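Novice: If you read the sequences in order, they're chains A and B. Heads up, the first sequence is in our numbering, so the first residue is 60 and it goes up one at a time. Heads up, the second sequence is in our numbering, so the first residue is 1456 and it goes up one at a time.
Hints listed in this document are in silico derivations from the structure and should not be mistaken for laboratory results. A hint or two may mislead.
[Claimed, not checked] With the Cβ distance kept under 8 Å, some of the chain A side facing chain B (calculated, not the full set):
no., residue
1, Gly191
2, Asp196
3, Ala201
4, Leu216
5, Thr218
6, Asp222
7, Gln225
8, Trp226
9, Leu245
10, Tyr251
11, Lys252
12, His253
This one's a predicted model, so the numbers in the text were calculated from it and none came from an experiment. The C-beta atom is built at its ideal place from N, Cα and C for all residues, glycine as well.
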Amino acid sequence: MGAVKTLPATAALVATALVTALVAAGCSSGGKSAAAKAPAKPAPARCAHPAGWQKLANRIGAPVYCPGWLPDPLVGQIGGRWNNIDSVSKDRSYLESFVWQDVDIGGTSGELHVNLRGYPGRQAIPICRTGGSDSRDVPCFADAHGTLHENGIDATLYTVNQDADQWHLLYAWHANGGLYTVSEHLAPPLTYKHLLRYLKRELGSLVLIRPEAAST
Amino acid sequence: MPRLTRRELLAGAAGAVGAAAGVYELVDRLAGPAPTRAAVGPPSPEQHLLDGVRVVRSDGIEVLVPPLHHAVVTARVAVDRSDLRDARRTLEAALVGLDGDYATSPAGLGVTVAWGRPYFDRFVPAAAARLIPHDRRADKSVLLPEERFPSDPPQVRLESNDVAILLRSDTLAHIDDALHRIQQTKVFRLTSIRRGFAGGGFDGKASLPKKLAVTAGVPGADLIPETSELFLGFTSTQKASMGPGAIANFETLGLVDLRGSDYFRHGTHMHLSHMDEDLEAWYLNFDFDERVSTAFRPNLRVAPSRQTVPEGPKQAQTEADVRRDFRTTGRIGHSASIQPASRLQRRTIAPDGTVYPKGTPIPIRADFNTLDNPFTWSSTGESSPTPAAGLHFVIFNPSGDDFRRNRLAMDGVLPNGPKLPLGPRSAGQGFNSVLRTTHRQNFLVPPRRNRSFPLADV
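Construct all of the structure, not just a fragment, from the sequences and the given hints.
Specialist: In structure tokens:
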């Protein structure tokens, strides 16, 4: 993956600040130019950084999906450099967000943003508020666009998503008695078709991490 | 489908105007052969009407099939006032030649020559003051000064072209031929060329807007439904939603005083604007039900993926309907909000005896999608080579005030009451939250007999 630039230290600081604002407002689509390429062959499904995911599974008392592959330079390390949200709600649902931004002089030119969610014990699509002056309840994922079978997962593609998944394409599936999602921001350097390839690869790399039996 | 760069798409566009004809050769190739059209008779007295328009059924609803290719040329008059009569003869000869060579239909060529206030003010002010029709309801000229509407961005350019020429055909070569011949008259100095396309998907194939948007790689293109008539995924030329026959003529509905003269009888008003369309926001932030609510009216239930929605008199919304929807949902739909202003509020009999039932639509739309940003070519150099999804909006109304009423209704200014409290470009305001108007101008469309330098002969 030599095509993606690495961030200078100052740019990384700016990126961190931008990421905070970005997630607060949902993802936005600015003008960007960098081009990232997916490797030709997917790596075997292997959790790259299992410790954090195991801790998460233990914390919520339910299985979680650890990404074996994320687009370079992202790595699926909870608490790592690109993990800007590590959140567990009262209902045990979780959101792990990984963001990279390429910041050139004058603006953001590229972005990669992947969210992984799990909703233990939940079958129905959750409800989100749209925000703004005419805020209302809407499904957090909507506009189904077909299904994908990958890595033993039967996932449905949703193109209209809310909150931290706004402007993302999202795959959702049921497993282990719960609902899981992986989504990624549709923004340069990714096109729609390119992003679908990335999401397929991300789905294919997921490794299920079960909670360890509680020690007495 | 090959992905082309904007440079390839626009090859020759920024060069000589004659070369601009090659810009949309790709469109012609993607469009395939022109569809079969009915034979037509001699041209009608109206310039703005096309004969031989095919009617098909889409989702069980009658739809008018628009011409595949469109262009609008804007210009300033390039001759002195003293040469106006010669210019009139020269232009008319070129237009008569086009009439002779092409039927006034999508299979042939539709030519509509429309004139702006700058022309009338600079070249024929006295005759214009005497003969330009007067809107009785507004107590104003039918040709109003340009204005910004509440949802317009402040940077909207109010244009001041002398003339706009609308060219429509299923065959791009016909448009290019017309453009060349008009240019050869040397009576105009072009200010812009705007090109675009519509339809092509009613036979089940990928439509031109879909193919062109994907080929150009504009954001959101992959989410446009395959056969969609326009970028936003819905059919907009339902037969029952388009003004029938001569309803938009100055003389038809009695709105307009022709000032005791037949000079502008069979004429109409044309508004021309350009708007950017944020397809990514439309398809990623609005689910299908919300797109239906936004395009048509809140809480309208439509089968998933349906593109053609009934828009007949039975579905026409009253002002009370729109206000009720707004009270209960905080939103107005695009179509619904316009209908209290754009549909006949009572049965009307035209001077020629034609009966128009209550609920009949008045405006005749001729809008088309574009990848212009904002124009194919512009004399001011404001056109960008980066493709952008947009719409060249063309509409014919019986007067400028009639258009104005329709456009204000879109912003919640309904005909009979206080403005609905909608913020500019708010999500509650239908399409306007994803459309951004860049340019506007009003024009007067004379009848065919007086289409060339109107009033220069009186």
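Novice: It remains to establish, for every hint, whether it holds in the given structure.
Specialist: Structure-based check of each hint:
{"no.": "1", "hint": "Gly191", "verdict": "holds (6 Å)"}
{"no.": "2", "hint": "Asp196", "verdict": "violated (12 Å)"}
{"no.": "3", "hint": "Ala201", "verdict": "holds (4 Å)"}
{"no.": "4", "hint": "Leu216", "verdict": "violated (11 Å)"}
{"no.": "5", "hint": "Thr218", "verdict": "holds (6 Å)"}
{"no.": "6", "hint": "Asp222", "verdict": "violated (12 Å)"}
{"no.": "7", "hint": "Gln225", "verdict": "holds (7 Å)"}
{"no.": "8", "hint": "Trp226", "verdict": "holds (5 Å)"}
{"no.": "9", "hint": "Leu245", "verdict": "holds (7 Å)"}
{"no.": "10", "hint": "Tyr251", "verdict": "holds (4 Å)"}
{"no.": "11", "hint": "Lys252", "verdict": "holds (7 Å)"}
{"no.": "12", "hint": "His253", "verdict": "violated (10 Å)"}
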